[in-house]
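Those sequence lines, one after another, are chains B and U.
Number 189 in my numbering belongs to position 189 of the first sequence; there are no gaps in the numbering.
Number 275 in my numbering belongs to position 275 of the second sequence; there are no gaps in the numbering.
There's no promise every hint is true.
Since the list can't tell identical chains apart, any single copy or any two copies may satisfy a pair.
[Claimed, not checked] Below, simulated DSS-like cross-link-like pairs (lysine-lysine); rule was C-alpha separation at most 27 Å, straight line:
id	residue 1	residue 2
1	K366	K467
2	K500	K299
3	K67	K506
4	K273	K399
5	K449	K57
6	K363	K497
7	K67	K449
8	K363	K453
9	K112	K497
10	K366	K465
11	K159	K299
It is worth saying that the hints were derived from the structure and are not from the lab.
Since the model is a prediction, treat every value here as computed from it, not as a measurement.
There are 2 protein chains.
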Amino acid sequence: MANVQAFAKRSLYYLKQLQWRCLSSTVLSHMSKSPLLFDNVELASNRYDIQRGNFAKATQQDINYFKDILSSQSAVITDAEELIGSNTDWLQVVRGSGPVLLKPENTEQVSKIMQYCNNRNLAVVPQGGKTGLVGGGVPVFDEIILSTSRMNNVIDVDKISGTLVCQPGCILQELEDRLNSDNFILPYDLGARGSCHIGGNLSTNAGGIRLVRYGSLHGSVLGVEAVLADGTVLDCMSTCRKDNTGYDLKQLFIGSEGTLGIITKVAIALAQKPRAQCVALIGCNNFENVKQVFSSARKDLCEYLSACEFMDSKIMSLVENHLKLTNPVQTSSFYVLIEASGSSEQYCKTALLDFLETLIESKVIKEGIVADNSVQIKDVWALRERVLEACQHDGYVFKYDVSLPLRVFYNIVDDLRSRLGSQAKSIGGYGHIGDGNLHINITCEEYNKQLEKAIEPYIFEWIGKYKGSVSAEHGMGFIKRKYMNYSKSEAAYNTMKGIKQLLDPKGILNPYKTIPDQY
Amino acid sequence: MANVQAFAKRSLYYLKQLQWRCLSSTVLSHMSKSPLLFDNVELASNRYDIQRGNFAKATQQDINYFKDILSSQSAVITDAEELIGSNTDWLQVVRGSGPVLLKPENTEQVSKIMQYCNNRNLAVVPQGGKTGLVGGGVPVFDEIILSTSRMNNVIDVDKISGTLVCQPGCILQELEDRLNSDNFILPYDLGARGSCHIGGNLSTNAGGIRLVRYGSLHGSVLGVEAVLADGTVLDCMSTCRKDNTGYDLKQLFIGSEGTLGIITKVAIALAQKPRAQCVALIGCNNFENVKQVFSSARKDLCEYLSACEFMDSKIMSLVENHLKLTNPVQTSSFYVLIEASGSSEQYCKTALLDFLETLIESKVIKEGIVADNSVQIKDVWALRERVLEACQHDGYVFKYDVSLPLRVFYNIVDDLRSRLGSQAKSIGGYGHIGDGNLHINITCEEYNKQLEKAIEPYIFEWIGKYKGSVSAEHGMGFIKRKYMNYSKSEAAYNTMKGIKQLLDPKGILNPYKTIPDQY
Ligand SMILES: Cc1cc2nc3c(=O)[nH]c(=O)nc-3n(C[C@H](O)[C@H](O)[C@H](O)COP(=O)(O)OP(=O)(O)OC[C@H]3O[C@@H](n4cnc5c(N)ncnc54)[C@H](O)[C@@H]3O)c2cc1C
Ligand SMILES: Cc1cc2nc3c(=O)[nH]c(=O)nc-3n(C[C@H](O)[C@H](O)[C@H](O)COP(=O)(O)OP(=O)(O)OC[C@H]3O[C@@H](n4cnc5c(N)ncnc54)[C@H](O)[C@@H]3O)c2cc1C
């Protein structure tokens, strides 16, 4: 925690001595496993108003074929017990009944599977780490599950140009650990790092906590190899940072949630691992101040700013109550987490302290704490990163992940509170304010259709009115696709349909996902 | 220039007092106009082996219709004299005979033009600032020229979220000037800033000198509105930094050189204008040292690094001889320009000086100079940015813009020198080494087919062998498209064709560009 002696010299009177009561170094990687059991989740085909597509059903003969081409027995799973997990999504709101889980090891096997499925008209759902939050990576009916969990080789780390080439099933945390030892980091990071796969990250165009610094995956992914619905291997691999030789096809696979092809290889530009990192947690009285903190951070921290997250008091209390984590600053209406990082510990910390001092002097904030060693930094981050887990403990979660202009950003939460009243157990807002990305979590004891109707489409209409995004970073998957029209034009919808038809004429790749049946 | 007093204290003995003999503050914006005359450029239909597509020819009736919908007389140019410029590209290697130049003012007019041309089967070439270097923005035969020069309104600058919304015809330099006053910069910059349009920049996925810091346009463009070949207005506008609601269609228009649609509106995320900026120019004895300078810069300057450019001695001598600019460092085999920028002048400069000191101590470099006021910074940059202009003065330029892995990066230049011998007047290498992007300029007295044959396809085979890119940032346009196969797979080629067919079934949008007729 902040070296109070040193801060005193700079008269940073607001930095109080911290009581890290029960904040211990949390093993963050554990949190990305879904915390509850799977067996009582209602089947999607019952819960939702949805019709099965006109696909074939997998037969024993099909399964035998898969066993043949995948050679290893453990690569073809049909055991009902084992399949439950792969059929149910992380949030436990979508459950399918996929009869078989395939675990190919390489591109060639994926290509053979797809060629076969396309001929047989069998539907396929690609599955990565299964941490997606919109039900995109699990079957809705009886799709075949194609998991990338065994495609987890690092192919190359080029230390001069700073590029990584790997298979899609590499787990984010494992990649990060390996790269860190060469002083690189991936240009993105997210709370699900312990389970999510890089292939899943690309397929969802994952945002996360470093976007404010390093930008989106559309900018940092250098190459993609994808297997199309008919088994064609589309090689768009490259490790060049610049390559303008025709249409940038790899972009199509970033964020298309496995509906256009299966990503089988990835090349990505790495960022230099900053030598120094400090994190401040700040309490704010109102949302105006939160906005001021952010815009000052952009201006004053400039090149040092590497994350800017916020949470409201409701969310903080869920984290405190359900996970027994300690909030180290005075109880406030809002909390902002600011991370600064860079090549020099001294400059980076001084910049952060100067920034905080200015905020105090201009009365934008009252107090804050600064964490500057890795244990403490982890502890502060845990407060923000374990929010979803805390909400899951609160009951059934209606989860929204939206972009809104900052001028109306938090109004939607206030508005939902007055609209829903006591129907909801709790309504909290948090997220990546640095990217204009708000997460709204509404909890209730158990899945409640009436509450859902009170929220939807109201919430999407609200967002549409302000030209926000009804899915900022999680994607459309199964549960959000029908709201696409609130963020996309009809011409865009038609063009998407055209592209889907071009790359997957039979529609076998992740059906019921991403693009709604009608606008 | 470096405050020598202050540096002496830090014993930076290598920083010599500079003689800025004739280096004056160059008006960089002038250099992006093509320096020579247009009237003796051979018609593309004669120079190149190319067949006219089966399009209609514009009639007087068509011209009357255009006059009708564009209302203003000066928006429909048919005067032969005036048309010469619009028919000839910057490098003066492609010249068409487009019979009419249209200058619409808004999306609706563009849509009407395209709807009409699609019905009439008239081919159209979109034209921005006409600084493209691959003949993409001029007619090859008699295509109608659609210029964005009158679509130059800034629609919105959001100072809180840091976003710009504008029409495509805004000139880069003018945007930059306007944004600077609000302490923002565009996340890219290039030497052609005085003439190029933001729409042209997106259409070519321009790279430039800030890519090493802010990444590519695929990451920073937030929204695009494009008019398709049949006049459909495809609205993919958004100012959200995150929006995962379906396929990211705007990406298709970034780098597709006007072959899929005409960009009529742009939204882009801005970067904070750094308060401080310093530039070092360093001499290196060999290319190994250049690489070391770059990889140390990534590591040591980390968040401060905002540009890393290089040029060889041949290029420097062209700049000195033709433009009478002064090279302020000792004559060396290679020169590296490093720019550091950030929020604090002191930190930024100290970081740069520390970095240089380390390089001196480890004997990677012998000397360098540091410029830290805006006039001097401009002067140093002029050495790098006016290279193309200097080469144009040397004669006809065969220009290659390639990506290569750093381990073989400069070998290609040495190799070409021994292959071409005295056939070429000069062979020089320079470019954005921070992005693995090499420009190779080969000059001769005038266009010379034999020399061309000695270079091509040899140079592309070389690049293909090392999995580089045959067009790093300039695109394929007309003159590079036939070499696509050296950087792209056949499956990728077929998919591009499919997308072209989907969005422009008649092929009227910028024919003869980007995608070759066969693989
Ligand atoms: C605790 C927690 C925190 C999170 N934080 C963030 C966050 O900050 N930012 C964010 O953006 N998301 C976040 N998420 C959501 C989730 O982690 C991301 O969407 C992640 O990218 C999904 O990766 P995955 O490997 O788990 O993919 P899965 O859930 O398995 O699949 C996601 C989608 O991608 C498809 N897919 C997977 N692999 C492939 C492939 N190889 N080829 C083609 N399609 C494929 C699936 O079909 C599915 O549609 C969080 C989730 C949790 C549980
Ligand atoms: C001195 C100099 C330095 C340069 N430095 C760089 C550099 O560092 N990096 C770099 O990447 N390039 C560089 N270039 C190349 C050039 O400047 C870029 O390609 C630039 O982006 C072209 O913009 P423009 O407006 O001039 O487009 P144009 O040349 O007019 O057109 C380029 C292509 O885009 C299409 N197009 C233009 N506007 C639209 C639109 N609104 N909708 C659809 N299609 C459109 C055209 O049909 C054409 O195919 C340089 C050029 C010069 C002369």
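Structure-based check of each hint:
| no. | hint | verdict |
| --- | --- | --- |
| 1 | K366 - K467 | neither (34 Å within a copy, 55 Å between copies) |
| 2 | K500 - K299 | neither (42 Å within a copy, 42 Å between copies) |
| 3 | K67 - K506 | within (24 Å within a copy, 46 Å between copies) |
| 4 | K273 - K399 | neither (32 Å within a copy, 36 Å between copies) |
| 5 | K449 - K57 | neither (31 Å within a copy, 61 Å between copies) |
| 6 | K363 - K497 | neither (52 Å within a copy, 59 Å between copies) |
| 7 | K67 - K449 | neither (42 Å within a copy, 58 Å between copies) |
| 8 | K363 - K453 | neither (42 Å within a copy, 70 Å between copies) |
| 9 | K112 - K497 | both (26 Å within a copy, 24 Å between copies) |
| 10 | K366 - K465 | neither (35 Å within a copy, 61 Å between copies) |
| 11 | K159 - K299 | between (32 Å within a copy, 11 Å between copies) |
This entry does not satisfy hints 1, 2, 4, 5, 6, 7, 8 and 10, going by the numbered hints stated previously.
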